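Trainee: On the provided structure of chain A, position chains B and C as indicated by the hints.
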Amino acid sequence: MKHKILLYILLALSSAVVGQTPNQLIMNVNSKFGKVQNYSALINMVFDIPGVTMQPVNGKVYYKKPNKFRIKSKGIAFVPKQNPYLAMANLSDSSSFVAVEAGREIVRGIQCRVINVIPNVQGDLVLGKFWVDPKGLLILKSQVTTKTNGTINLENYFSKNASQALPDKMIISIDVAKFKLPKALTVDINSKAKAKSKSDRGTGIIQMNFSNYLVNAKIDEKVFSEKLAN
Amino acid sequence: MSEGNVISIKSLTKKYGDFAAVDSLSLQVGKGKIFGLLGHNGAGKSTTMRMLMSLIKPTEGKIEIFGSDPVRDHKIVYSKIGSIIERPDFYSWLSGLKNLELLAGLSQRKISRQKINETIDLVGLTGREKDLVSKYSHGMKQRLGLAQAVLHDPDLIILDEPTTGLDPQGIIDFRNLMIYFSKEQGKTILLSSHLLSEVEIIADDLCIIDKGKNIVQGSVKSLLSNESLVSQFKVDNIGLAKELLMDPKYQFTPFGESEFEILVSDIDIPPIIKLLVDRGVNIYEIVSKRKLEDFFLKMTTQG
Amino acid sequence: MNRLIKAELIKIATKPRSYIGFIAVAAIVLLIEFAMYADGKEYLSFITQALEQTFIIEGDFLNGNLVCFIILQTLIIQMPLMVALVTGDLISGEMANGTIRLLVTRPFSRNQILTAKIIAGSIYTFLLLLWLGIFALVFGLLIFGDGDLTVIKSDALVIIQSGDTLWRFLLAFGVAFISLTVVSSFSLLLSCLTDNSIGPIITTMAVIILFTIIGTLQVPVFENIKMFLFTTHMIVWRNLFDNPLDLELMYTSLGIMVLYIIGFTAASYIIFNKKDILN
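Chains as they are written, first to last, in numbering that gives the first Met the number 0: chain A, 0 to 229; chain B, 0 to 302; chain C, 0 to 278.
Only chain A is shown next, with the shape it has when bound in the complex:
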């Protein structure tokens, strides 16, 4: 009897550590992040967008469960149309998706399980790929494809706020459609330096550095509904 109990405990433990199904893993990650009802934080954004040269921009970021996300800045800032929390919001119901294990990878020294998520309900989400830290229940990387906004790659860097699954740094890579500017309205500045962009391939990279998180405090709904200046 004692041996059976010990075996069951061992089996339970191993399944908890090794044996979580992909669905379960995703749900657990969601559940951890789900404790954050809302947050606000200071944000510093660094842009590397083809065809745009700009200095880092400071602003404030607001989030409200399940997927309200707004960045406000004094100056001009480019925020990806695709909400970085959209995928998580779509994965709150385990019956709405199928998660498939796609192997393991080491991401920044952390052994991650790679989970492909295929929604089985009609929605904007087409496909999601997540690199999950199974111990910390944190998504270190994701690649999410939506119907309206294409594919967005996201990397999360966690440290002091990891317990609430709140990243210190988020790097978003996004395909940028090359835009043409009417020649008549351009300024032919005789500059030898080309536009400062590392991505010549048409990929825009936005790095967001978060600080001064204020979690589960009151946030005015107006913040998410205020009309944008442009």
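Mixed in with the good hints, there may be bad ones.
Cross-link-like lysine to any residue pairs, in silico, SDA-like; alpha carbons within 25 Å at most [claimed, not checked]:
id	chain 1	residue 1	chain 2	residue 2
1	C	Lys-10	B	Gln-107
2	A	Lys-73	C	Ile-46
3	C	Lys-273	B	Ser-53
4	B	Lys-233	B	Gln-184
DEER-style ranges, computed between Cβ atoms [said to hold, decoys possible]:
id	chain 1	residue 1	chain 2	residue 2	range
5	B	Met-298	C	Leu-277	25 to 35 Å
6	A	Ser-158	C	Ile-224	26 to 36 Å
7	B	Lys-134	C	Ser-108	30 to 40 Å
8	C	Gln-77	A	Leu-126	54 to 64 Å
9	B	Ile-171	C	Pro-15	33 to 43 Å
10	A	Lys-146	C	Ile-224	55 to 65 Å
11	A	Leu-126	C	Gln-52	13 to 23 Å
12	B	Thr-58	C	Leu-165	56 to 66 Å
13	B	Ser-91	C	Leu-277	18 to 28 Å
14	A	Gln-23	C	Gln-52	30 to 40 Å
Quick look at which bits of chain A chain C covers, simulated, 3 or more residues with Cβ under 8 Å [claimed, not checked]:
id	segment
15	49 to 61
16	67 to 77
17	162 to 175
For the record, the hints were derived by calculation from the structure and aren't laboratory data. This one's a predicted model, so the numbers in the text were calculated from it and none came from an experiment. Cβ atoms here follow ideal geometry from the backbone N, Cα and C, with glycine treated the same way.
Mentor: Relative to the frame of chain A, chains B and C by itself:
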């Protein structure tokens, strides 16, 4: 430069290519004198005056004003000179008064508003000084030109054709002003004019220029004293007058029924009058004229 | 010398022509500001539409800094003309109307007279730029508010944060002053060469337009001479609105412009001193 000469010009030459507008001209202008500079159009009068005023540069020669080189000592020399060269031009969008105020501001010494008003009065522009210069007649501009030339109380006044455009009253006023400046204030005046009669009346010395050269220079009195006077008589009996003045030296020339001209020196006029009157010829008018004119024509055609 | 400068400034200030530049600047600037106020967002939509395919854009492209920059761009040809209208007339105008004789026969050397005119012309240029600055930047900020400046280059957008724009504008006006001084010194040189009032003004504009066209054409035969055209360097103020700043280019262009100013001015002194005043 000899003592007493305000202007001393030595071998002054101005060439434009091969053409010499002024050709080795030498003259001296004594202090306190009114000096007339005479010559045909294109003789070199204005060119000489422009060189004196540093408007154009001499090709050769030397100029001294107040004993100094006017180029080297520009500030000192020209602070003591007032001038009108060719026609007087002003800032047409300003009034006469504003023009004078502007020019007064450029003077080395402070010129008060009262002094400006006095000068305006002196040249006969009172009442018109606030009108825009663009509205001035030529005569009024001449008056304003004279005003700007004397505003800063210069020791030397250089005037190029100053009576051009003046009406008869203006010419008389101008003559009186020149005499006033010279005799009362001791200023030296160098002027060129086509009005030989005016020059004859007011000038102490004169110089005749022809083709850029100095033909003759000297005091008016000494230059003209040996010259015969052309006198015009108006009488009641021209026939008798002709008989009495038959001598070829008189060059009797009748005009109309009662007027005639004779060539006669100053001292011979009284005896001729006595002769005519004694013989019953009534004399209604005697006018002596064109003395300088004749002298001028004689000097400029001799060469 | 102060008396001379004062007299020159009085002449400029009392001459009706001097105000053409101020009126024109005010009219053009107010016109552009009105147009931007009425239709600015639509005008800028070509930028936002392209980017809105991928991004949500925070902040406002249309602001006082952008409007000021557009105005400065628009006035690139007009400002030199307005300066030349006054500086091209400084000597030749007085020669034409005979008043040069009033000056040269005063107890001032020709060098002093020319220096006073150069200083007065520079003061006029400065005041005209100040006027432009007030209308373009101050009014622009008051009407449209502050914000990041978007510079539309031929190969990229450069976005300069609002806190980073004022010193650039101030420096740009400073560089523009040097550019316009090249124009004023050139027109003054032409003014010393002729007795005609309008000639130097028209010639200055013709030269600027011609050089600008040569500088714009992408023709290999002109590439070698572009460097020597002062118009190529006159627009270097625009480089202040780039990131990163190409300081080498700025210093080179500024140096070349200063050399032009020195050259034109030295030639003016030589010519004016030698000139026979015959009219």
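Trainee: Now, for every hint given, state plainly whether the structure supports it.
Mentor: Against the structure, the hints come out as follows:
Simply put, Lys-10(C) and Gln-107(B) have alpha-carbon atoms about 19 Å apart, close enough for the 25 Å limit, and the pair holds. Note on Lys-73(A) and Ile-46(C): the hinted pairing holds, with a Cα-Cα distance of about 19 Å set against a maximum of 25 Å. The suggested pairing of Lys-273(C) with Ser-53(B) holds, with an alpha-carbon distance near 11 Å, which does not exceed 25 Å. Our distance criterion of 25 Å between C-alpha atoms is broken by Lys-233(B) and Gln-184(B), whose separation comes to about 41 Å.
Separated by about 27 Å at the C-beta atoms, Met-298(B) and Leu-277(C) satisfy the suggested range of 25 to 35 Å. Range check, Ser-158(A) to Ile-224(C): Cβ separation about 59 Å, and the 26 to 36 Å hint is violated. Separation of Lys-134(B) from Ser-108(C) is about 34 Å and conforms to the stated range, judged on CB atoms against 30 to 40 Å. Distance hint check for Gln-77(C) and Leu-126(A): the Cβ-Cβ separation is about 57 Å, which falls inside the suggested range of 54 to 64 Å.
The given range of 33 to 43 Å is respected by Ile-171(B) and Pro-15(C), whose C-beta atoms sit roughly 39 Å from each other. Checking the proposed 55 to 65 Å range against Lys-146(A) and Ile-224(C) shows it holds: the Cβ atoms sit about 56 Å from each other. Between Leu-126(A) and Gln-52(C) the beta carbons are some 21 Å apart, a value that agrees with the proposed interval 13 to 23 Å. Between Thr-58(B) and Leu-165(C) the Cβ separation comes to about 59 Å, which falls inside the hinted range of 56 to 66 Å.
Look at Ser-91(B) against Leu-277(C): about 21 Å separates their beta carbons, and that is inside 18 to 28 Å. The supplied range of 30 to 40 Å is met by Gln-23(A) and Gln-52(C), whose beta-carbon atoms lie about 38 Å from each other. Under the rule that three or more residues need a Cβ within less than 8 Å of chain C, the assignment of the segment 49 to 61 of chain A holds, with 7 such residues. Using a Cβ-Cβ cut-off of 8 Å, 8 residues of the segment 67 to 77 of chain A lie near chain C, which meets the minimum of three, so the contact claim holds.
Counting residues of the segment 162 to 175 of chain A whose beta-carbon sits less than 8 Å from any beta-carbon of chain C gives 3, enough to reach three: the coverage restraint holds.
Hints 4, 6, counting from the list given before, are not met by this structure.
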